[in-house]
Amino acid sequence: MSDAKEKYEVVIGLEVHAQLATESKLFCGDSASFGAEPNTHVSPITLAHPGTLPKTNKKAVEYAVKMGIACHCEIAPFTYFSRKNYFYPDLPKGYQVSQNVHPICDKGYITIHTNGTKRNVLLDHIHLEDDAGKSIHDLYPDYTCIDLNRAGTPLIEIVSLPDMHSAEEAFQYVTEIRRLVRWIGICDGNMEEGSLRCDANVSIRLKGEIKLGTKVEVKNLNSIRNVKRAIEFEVERMIKMVENGEKIIQQTRSYDADKNITFALRDKEEANDYRYFPEPDLAPIELTEKDVQRIKELLPALPQDLQADFVEKYGLSAYDAEQLTLEKDTADFFLQTANISNQYKAIANWITGPLRQLANDQQIDFSQLQMAPEQIAGTIQIIDEGKVNFSIASSKILPALLGNPDATALDIATKENLLQTSDTGELEAWIDEALASMPDKVKEYQKGKKGLIGLFVGQVKKISKGKADPKITTELLQQKLG
Amino acid sequence: MFSFSSIEEYLRDLLHGRTTCKEAVQYFLDNISSAQHLNAFLEVYGAEALQRAAELDQQRQENPNSIGKLHGVVIGLKDVIIYKNHKLSAASKVLEGYEAVYNATAVERLLAEGAIVIGRQNCDEFAMGSSNENSAFGKVLNAKDNTRVPGGSSGGSAVAVQAGLCMVSLGSDTGGSVRQPADFCGIVGLKPSYGRVSRYGLIAYASSFDQIGIFGHNVADAALVLEVVAGEDEFDSTVSNEPVGSYVSNIKSNSDKKYKIACFRQALEHPILDAEIKTSIFNTIEKLKSEGHEIEMVDFDYLDYIVPTYYILTTAEASSNLSRFDGVRYGHRTKEKNVDLSAFYKKSRSEGFGIEVQKRIMLGSFVLSAGYFDAYFTKAQKVRQLLKKATKEIFSQYDLLIMPTVTAPAFRFGEKSEDPIEMYLSDIYTVFANLVGIPAISLPLYQHSNGMPFGLQVLAPMFKEDEMLQFSDKVMEIKAL
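Chains as they are written, first to last, in the numbering used here: chain A, 1 to 482; chain R, 483 to 963.
Just so you know, the hints here were simulated from the structure itself, not pulled from any lab data. Owing to the predicted nature of the structure, the values given are computational and were not obtained by experimental measurement. All C-beta atoms, glycine included, are put in the ideal place defined by N, C-alpha and C. Every clue listed holds true.
In silico contact screen, one side only, chain A against chain R (beta carbon under 8 Å); selected entries:
#: 1; residue: ALA48
#: 2; residue: LYS55
#: 3; residue: PRO89
Starting from the given sequences, assemble the full structure and let the hints guide the process.
Take a look at the structure:
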């Protein structure tokens, strides 16, 4: 099998739907929020009552353009909606309002990193459309339930060219999209709640072949990990088929995460004729260069730009810069803290280490951590001044600062008696105790194994529960041991 | 004894205490009840209208200086215009049991100015038809000759005004559905510019053609109602923000402006046109010339393309607009059990929609389908663009355009139902205004030797309703002389 694999090139194109985090729906004032009681965000417009008309939500247009700018797309100066006609009970109007001819954002790319190399995955376009409602088939045996809260909520569909060649690339691509949409604040990126959805078009061809192989569309990929697993499964299935002399047929398949398999939903022959035509109820969207410029100014600095800044202006390593820009909140926190303190490397370490750990432990977003940049700057300062060491600060001071906005690290260290001591009397007592506990090592040291000094210092720290100032301890030890 | 000739006079009588809203409503209710055979109304809101009339009478007594522009004006609504908490059918079985949950913007504005809605009016199902023979609730009779059609699709609304069953009616005009029945019934029928009146709350037939239109006994009444319903609306993104003119005072200003008017040679010389209509319009042209207006014959080579273009584009839009009537959320749902989803849709919709509507849905689905889209829809759209351009050029040289409204006066029931092409072709003079979006009005100027009335159509550039109405009022005066 592994030999056979080498013969083929995998070709993947992804269609990623991102639900825009606007307050209201794409064409009416109903709330677009997730999780309400079924069928409570349903005005006559959402329900497609006779005579109702759509009106475009300007915020949704702005969000789509933001994503277009972040993905280096060409923003269309003139664009319009089309109707995609089909019947389904969760589609009240009998058509979806989408864009099939002139999408709002054309071309563009998304930068991914795989195995240490950087590559731009090319986009075909990004378009705006409204979502359907939800059909719930498994609540009652004889009925399908329809929840139309989601009907009409705004989506963008980010359509890549068939430009990815491994499941890993697809994984990195979706990861990057999720980071981007969250970064620019247009989508919460939650795949479990369906705010971010992905369909994969997968095909294989012999290496060197120019013509694309027959593609299969895989749906129902509800996590980034499943995008990868489903593609891996599908590629394997296809190679097996071709190796066995079978023909791949163009079809739509669904991924079953429990069994880690894909199965056929429908063949191409059954494909709908959607009878697209320009939506006559909506005025076209016209965007001047000035409009695009205005929207551009609303965008935060993008991760790639910040990474470069972090390396060039703050002297961080490329790794730290990348870690800090995994999410916007950590990058923002870095910048805010770096405004008060110039210990950039230390700030980066605190954010990517103890602070992120704290958020993970509590299963909250970084932004929900109740911690002020001033508090971290203060913590770094007292470490720098030798008043506490890092381990005490992260294990004792940090938890006490959390949710305690008025407290400073120094307050807590003082109150909790955590300040390192430079009182030689107390230190000498600890040193004596330490040395007494390891007479052999003392002898070895005195015979010339000077490297053992670290061990003694460590022992003193342990006995002092971290309060011993390592610098003074070392000096005293050296004096004592001669 | 109450009688009605114009809204202006009615309002004067109300303020001088010579009549009351209640008396007016009662008068129309009596007329409706003695004209039931015409089948103009699908439902009459008798008690409700009387109650509102009493409230308005009370209000007027307390505060005679602040009455609405349409205070006590008794209005009928074509049953495609949405009136909250009232049934709505579009003269179709597919909306069985449906009750409106909001008001159309136009209705909201009528009510705010004190109008009284007396009932909902019969029409061709989903406004598709030229004879009112396509209603699921029976045909409407022309009051002038009960063996003849009232025209369509707003037949009930036209007959209601013709037969004195209400003061004015709101209809809808997608390809002549206000002007043609007005012509057949001998009244004024006004189709505003596309985007002049909000379509919010008008059941969509063809979104880029539909406009709410007005039936009245005279130009001033139609102008007044237009003034009230027209203008911007946050619920319709195709409505224009062009300021609404003072149409009524404009008419009254009675300027003696001389107009430069175009007339399509191919329209008047078309073989389909009835000879008497042709002669009458030529006579009017001479009369207008003698009044000092300048009228010129203009070549217009696209005439034979407009009906096919119209039917391709309107059926395409209709096929999509009518998808929402699927029996899932409201309206008719098949009683058959144990059918799969596809059969559920087919049965619910086949049972609910009448033949003409089904025909147009299929036609529209066909012209939008893969492989045919460019040959039909795209091509028709290009023709529409050409027509718009040509129209703009004409109006760069002329103030107005005149044409017949119809090819022949009201025909007899069944006369054209066998030949849909002939029926569609008879829309040749009215669909033009909808294709290019301009305002048009049919003026009841003539009587045919067969006893039926017919009209003259006046068309104006986009949003030039003021000039069109001013001129129309003048033409009506000439007739009166």
